[in-house]
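Q: Chains as they are written, first to last, in our numbering: chain D, 365 to 841; chain L, 365 to 841.
Honestly, the hints are just simulated from the structure, not real lab data. There could be a bad hint or two in this list.
Derived BS3-like pairs: lysine-lysine, alpha-carbon spacing no greater than 27 Å straight-line [to be verified]:
1) K738(D) - K742(L)
2) K381(L) - K738(L)
3) K742(L) - K742(D)
Protein chains: 2
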Amino acid sequence: MSPQRKLLLLGTFVHSKTQQDLDFLHKAAIAVDAHGKIAAIERDAHDSSEAKARLLAKLGWDEAAVDVTEAAEGQFFFPGFVGITTDTHIHASQYANAGVFGKSSLLEWLETYTFPLEASLKDLAKARRVYARCIRRTLSHGTTTAAYFATIDVAATNLLADLCLSMGQRAFVGRVCMDSPDMNPAYYRDASAGDSVEKTQQVIDHIRRIDPGFHVVSPILTPRFAPSCSAEAMSGLAELHRQTGLPIQTHVSENPGEIQLVAQLFPETTSYTDVYDKCGLLTPRTVLAHAVHISEEEADLIAHSKTKVSHCPCSNTCLTSGQARVRWMWDKGIDVGLGTDVSGGYSPSILEAARQAAMVSRHVAMAIEEEKEKERAKLTVEEVLYLATRGGARCVGLQDKVGGFEVGMEWDAQLVTLNEVDDDGEVHHEDEDDGHGFVDMFGWETWGDRVAKWLYNGDDRNTKRVWVKGRLVHRRT
Amino acid sequence: MSPQRKLLLLGTFVHSKTQQDLDFLHKAAIAVDAHGKIAAIERDAHDSSEAKARLLAKLGWDEAAVDVTEAAEGQFFFPGFVGITTDTHIHASQYANAGVFGKSSLLEWLETYTFPLEASLKDLAKARRVYARCIRRTLSHGTTTAAYFATIDVAATNLLADLCLSMGQRAFVGRVCMDSPDMNPAYYRDASAGDSVEKTQQVIDHIRRIDPGFHVVSPILTPRFAPSCSAEAMSGLAELHRQTGLPIQTHVSENPGEIQLVAQLFPETTSYTDVYDKCGLLTPRTVLAHAVHISEEEADLIAHSKTKVSHCPCSNTCLTSGQARVRWMWDKGIDVGLGTDVSGGYSPSILEAARQAAMVSRHVAMAIEEEKEKERAKLTVEEVLYLATRGGARCVGLQDKVGGFEVGMEWDAQLVTLNEVDDDGEVHHEDEDDGHGFVDMFGWETWGDRVAKWLYNGDDRNTKRVWVKGRLVHRRT
Chain D
365 MSPQRKLLLL
375 GTFVHSKTQQ
385 DLDFLHKAAI
395 AVDAHGKIAA
405 IERDAHDSSE
415 AKARLLAKLG
425 WDEAAVDVTE
435 AAEGQFFFPG
445 FVGITTDTHI
455 HASQYANAGV
465 FGKSSLLEWL
475 ETYTFPLEAS
485 LKDLAKARRV
495 YARCIRRTLS
505 HGTTTAAYFA
515 TIDVAATNLL
525 ADLCLSMGQR
535 AFVGRVCMDS
545 PDMNPAYYRD
555 ASAGDSVEKT
565 QQVIDHIRRI
575 DPGFHVVSPI
585 LTPRFAPSCS
595 AEAMSGLAEL
605 HRQTGLPIQT
615 HVSENPGEIQ
625 LVAQLFPETT
635 SYTDVYDKCG
645 LLTPRTVLAH
655 AVHISEEEAD
665 LIAHSKTKVS
675 HCPCSNTCLT
685 SGQARVRWMW
695 DKGIDVGLGT
705 DVSGGYSPSI
715 LEAARQAAMV
725 SRHVAMAIEE
735 EKEKERAKLT
745 VEEVLYLATR
755 GGARCVGLQD
765 KVGGFEVGME
775 WDAQLVTLNE
785 VDDDGEVHHE
795 DEDDGHGFVD
805 MFGWETWGDR
815 VAKWLYNGDD
825 RNTKRVWVKG
835 RLVHRRT
Chain L
365 MSPQRKLLLL
375 GTFVHSKTQQ
385 DLDFLHKAAI
395 AVDAHGKIAA
405 IERDAHDSSE
415 AKARLLAKLG
425 WDEAAVDVTE
435 AAEGQFFFPG
445 FVGITTDTHI
455 HASQYANAGV
465 FGKSSLLEWL
475 ETYTFPLEAS
485 LKDLAKARRV
495 YARCIRRTLS
505 HGTTTAAYFA
515 TIDVAATNLL
525 ADLCLSMGQR
535 AFVGRVCMDS
545 PDMNPAYYRD
555 ASAGDSVEKT
565 QQVIDHIRRI
575 DPGFHVVSPI
585 LTPRFAPSCS
595 AEAMSGLAEL
605 HRQTGLPIQT
615 HVSENPGEIQ
625 LVAQLFPETT
635 SYTDVYDKCG
645 LLTPRTVLAH
655 AVHISEEEAD
665 LIAHSKTKVS
675 HCPCSNTCLT
685 SGQARVRWMW
695 DKGIDVGLGT
705 DVSGGYSPSI
715 LEAARQAAMV
725 SRHVAMAIEE
735 EKEKERAKLT
745 VEEVLYLATR
755 GGARCVGLQD
765 KVGGFEVGME
775 WDAQLVTLNE
785 VDDDGEVHHE
795 DEDDGHGFVD
805 MFGWETWGDR
815 VAKWLYNGDD
825 RNTKRVWVKG
835 RLVHRRT
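Extracted from the complex, chain D is given alone in its bound form (with noise of 0.2 Å):
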């Protein structure tokens, strides 16, 4: 990557400190260097002008070479949000069925609209147009991070990765691999196991051409989920690991019908989760999207792998599949963050999906008789923020690059704005009426409640600038 000019932000920045607790920076001053780096931070000034000549003093640089971005009072810089399966597992090819799923469940939506979609995607015209809508949505609201399911088709594939790369999302790329002739649709299916590897090695290489350090765009291996995959296949591509190091992204255990369908295919194993554990697939670097019939055998032995889950609340409601339980694999140490699993889920936010995550807690919540365990599964708004950001960072290896506000971690963050009104209940904008959404202040609100009022009813209009890696990827005016 060429550097870039550096970048002093001033004002009010968020994020998440711990799992239960968001810092909140005001008077601040980010300083961040021609490699998109966080090079200072400055906190607690007299006032933001104070913020940023102590920066540029503390490094020694110039202010004409700097690009100089103020939030104004009531803005505030928060980090960009990571879906692991940070739209780890927004299913690309399908955003254009967002809101399209009827009654069905998980197998019949596969059938009825997943794999047709999918198919059609090998007609390079149609790919562009549906990849790159669904990056500029994404970017669009505050996702800097997402990783991908594409298709089965390599160039398709190939398209996304440069799309991602050129509009300047930080992205993990899945070419789908799905060889079982039993289980796939002949018209959309992988010629054999050896055919997966050996089309997700294309990707890789494509990959590898446009971005060799995998800095912004990477490869991530993408077995479908069992019931699409042979053993075969799967063992191929945790071989694939081995010799990589390359993150790895699947499903596991959303609804009933799946699971008793892994168990017919595969007899010789103890769960869902022993089908990956025996094929090699659970790792460090592993994401598994959904979670939510896991047994506690199979929790433990995803903790104890150090393999990751991707919490898709709104999926797993549309689609009727039931309630992950994100405080207890907590409890189990299990790494979560979230995922849209569009189109399964209907929206490409992020911030929509934390909403969600809240919303099923309570839902997880009313089952539990005991008032204590009742009151621990509710998901806080900080809470929910964190799976947003640092959980999902933590999910896709990249704790140290992005999800929060510290010395050394990329800059990957977005400027969020909401509304002031008047005394006669009125918004104004320099543009038009409601250019900044519906999330209204009337001046008595803590910072706490305006974060969880942007949290309960912002969208993409909250979000003013997106950054990643300090390059400027998204500006709504």
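Mind docking chain L on chain D? Use the hints.
A: Positioned in the frame of chain D, the structure of chain L alone reads:
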């Protein structure tokens, strides 16, 4: 109301035919007379200009005297949303707290968040600011009829009625009655049962002055909920209902703690619903919000008395109240509509409430073992849109006036626009890049898919025009 210019609407119209089915009118035209009533409907013309010509000829109207609005290709007209507790239950006074509920449950939440804010609205400048914003927001989200819980303050409640009338939102405005000295804070309660009735009468008198026929704004009798009220106050309001025929709104069976409390406070009754029955408050003009935990017997009592229920799925989840069972209530023959219950729920949007109704029905389904019943519990796109329109209209007794497009009904409607994605994955608008929200159409969707995508990803940006009784009350450029 003074006569307005006549209207002619051209294009595609979508509304509920039955609880299960949407009706799509293409190349159609609707004529609206000077009183805001639908005078005639033409459908299935060769094109919309033919439909227009037919209508003008049939009615003998001169085109020069008519304002014509034509929906562009892909746009459609949809009935305005009727929150029964159309926002029959928006708690206008609590709008300012949207998204701020922490991990609290109902009773704490009232103490911590609700009563202090409500009490502060006796400051009329503050009330104007909050209420105007709330009306503006709900109109912009397509809510043409709202039933509001205001506060105990007569002047502030009258101000809310004034604002609804001047801003053109059809509304039921309720002064909140709460006289129990033990259950309400000293700083925020009615002095006595007589005071509750007397101050309600003052609001009725005010509304009768500003809108004598209650054509746009109507009073609604509003005992807050049983724990807040003496039996005497509730009986007094029931007597007022018998004298005036005015509608009634209150809450029932929102959460277990509340239900226990009611049992303690009213030991002579058999259930929460029975409290209202004994006081004479169960009537065909009564709307009970929530009804989450009602028993078979209570549901029968509600059905038998033709009392209505406002389903508030967002609030019920946010406050971990529980999952109301809409299919079960429908099976009992109970009319159900939707409420946002802001700020228990976070969103002022009935479209969001409809979405949440679909989601919550899936959580209800998850707890059901039997396959067929599990399947039945899920609400479809068509069914939740019915709840949002005709269902709500039935709850507030307006089923012959609003909620659908039929001759003799009034023109309460919204014009909906979605995005059309071009070959590069871009969306173009005259004004700004995301002026139409993020519901993306790729051109291959059926009309059913379009409506589903709107339901699941739509927001106020998709609502371009809103009319109440033929008057344009919101316009988005």
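Q: All hints, please: hold or fail.
A: So, going through the hints one by one against the coordinates:
Restraint check: the Cα-Cα separation between K738(D) and K742(L) comes to about 25 Å, which is no more than 27 Å; the hinted pair holds. Simply put, K381(L) and K738(L) have alpha-carbon atoms about 25 Å apart, close enough for the 27 Å limit, and the pair holds. Restraint check for K742(L) and K742(D): satisfied, since their Cα atoms lie roughly 24 Å apart, inside the 27 Å limit.
Checked against the numbered hints given earlier, this structure breaks none of them.
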